[in-house]
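Enquirer: Chains A and B, in that order, give the protein sequences. Last residue of the first sequence: 966 in my numbering, with the numbers rising by one and none dropped. Last residue of the second sequence: 483 in my numbering, with the numbers rising by one and none dropped.
No lab work stands behind these hints, which were simulated from the structure alone. Among these hints, one or two may not hold up.
Said to hold, decoys possible - Simulated coverage check for chain B against chain A, where a stretch passes if three residues somewhere in it have a Cβ under 8 Å from a Cβ of chain A:
id, region
1, 318-326
2, 429-437
3, 447-454
Just so we're clear, the structure is a prediction, and the values are computed from it rather than from any experiment. All residues carry an ideal CB built from backbone N, CA and C; glycine is no exception.
Spelled out, the chains give:
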Amino acid sequence: MVLATYDLWAFVSENHAELLDGLLNTLKVSAFGIAGAFVIGALLGAARAHRIPVVSQITAVYVEVIRNTPILIQIFMIFYALPQFGILLNQFTVAWLSVMIWGGAFNSENFRAGFEAVPYRYREAGYALGFGRRATFLNVTLPIGGRIALPASINTYISVVKNTSLMYGIGYSELSTTALNISSLTLETLEALTVLGVVYLALVWSLSAAIRLLETRLALPESR
Amino acid sequence: MPDWAGPVARYILEEGLPGTLRVSAFAVTGSALIGIVFGTLMTVRFLPLRMVIRFYIEVFRGLPILVTVFIVYFGLPSASARLEFGPLTSATIALVLWGSAQVAEATRGAVQSIPREQHEAASALGFGWVGRHRSVILPQALRRLLPPFVSLLVNIIQNSTLAGLIGGLEILDAGERQSERLASFPPAGIGEIHAFEIFGAVAVLFFLISFPLTRLAAMLEKRLV
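Could you build all of it, start to finish, from the sequences and the hints given here?
Expert: Structure, rendered in structure tokens:
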């Protein structure tokens with residue numbers, strides 16, 4: 743049996759370059775995924791809330807498919823199945839694309855609920871002031887509904903960050919894959935797992951703290 | 259149906275599906291039992307106990323489930339040789355840690371939503387803390403927990419696929435093994451890539467299990483609230 747001694751500092755200092763690269767990749771994939779999920783969610787959520795024909799129905803199917811299948815299968819579909827049709831994507835593209843598609847589906851439900859929670863009389867007031875449909879959406883529904891949707895959508899972004907760890911399944915060198923690969927060479931398993939736990943909790947907890955902060959900062963005037 | 263489809267389907271349903279069902283059943287049961295106890299204890303006024311459970315909840319809800327799976331599968335054996343579990347058991351334990359944290363948080367909210375008069379009336383009838391919660395408070399709180407329970411079941415079934423990443427044989431892993439087998443040269447395989455058909459079928463299988471459950475959760479939510 744190998745007598746392992748726990749030395750977190752040695753592990754971090756010897757491998758800090760690789761670990762930092764892994765963390766950077768995790769952050770990059772998360773940032774792409776979150777930005778995409780925001781755009782997809784706001785657009786499709788608006789289409790759903792305003793019952794725009796065709797787009798609304800397609801969105802409903804998209805949301806149900808993504809919600810009712812494991813994200814790991816979605817990742818495998820993009821990584822292993824698309825090449826069958828000549829679409830060969832590298833691991834980084836698969837990584838951000840899959841979390842973006844996943845986050846976009848959940849986020850469009852968040853935004854739909856947010857937009858639908860805006861009382862109709864607000865929109866009526868917009869029309870009465872001479873705003874068109876689009877101007878009413880941009881000036882009335884989006885700022886109010888977007889704030890209502892904010893806590894739920896940040897929860898989706900937190901899940902996006904956590905889901906980047908699944909790229910271990912396709913061997914993309916984000917934080918989890920990097921830490922585990924190092925530990926399988928050096929046998930410093932507990933040190934690698936400590937790093938993973940601390941970094942992910944720091945990321946997730948600071949995002950949750952951001953929710954609470956933003957909730958009070960962006961609270962609607964009437965609920966203050 | 260092409261020739262290769264029969265054996266692949268049989269392997270996924272006979273070897274993979276039992277793994278998925280076993281992990282899911284044990285993980286849901288374990289999460290519910292531990293989660294309800296922890297969630298109820300969260301309403302006790304003893305601060306250190308509340309802080310310990312709060313920490314448990316925040317840690318296991320905060321960690322990606324895959325990292326918890328790694329901690330159980332790779333970490334526990336290096337801490338003590340007696341804590342070595344197979345891939346499916348490790349995934350089950352990790353899912354219980356995550357699921358019980360989810361249930362505990364939901365239970366705390368449900369228990370606190372029961373009006374104080376219910377506690378007072380039960381105490382006036384001579385119930386102690388345990389009897390009061392078992393016979394009066396939890397039966398009412400659990401009704402409100404039904405929709406989140408169904409959602410939890412869906413999440414646990416979907417996340418049982420994580421077992422495949424550490425080599426546990428469940429539906430997705432069964433599909434992956436078959437897809438790799440077909441791609442290899444004869445006699446083992448046929449030298450063809452059928453990843454789309456196989457993973458597509460696995461996705462349909464998960465959809466058929468999940469969709470009725472998410473509908474049920476939405477329906478219960480409307481009816482019980």
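Enquirer: None of the hints should be skipped; say for each whether it holds.
Expert: Here's how the hints hold up against the structure:
no.: 1; hint: 318-326; verdict: holds (count 6)
no.: 2; hint: 429-437; verdict: holds (count 3)
no.: 3; hint: 447-454; verdict: holds (count 4)
The earlier numbered hints are all upheld by this structure, with none contradicted.
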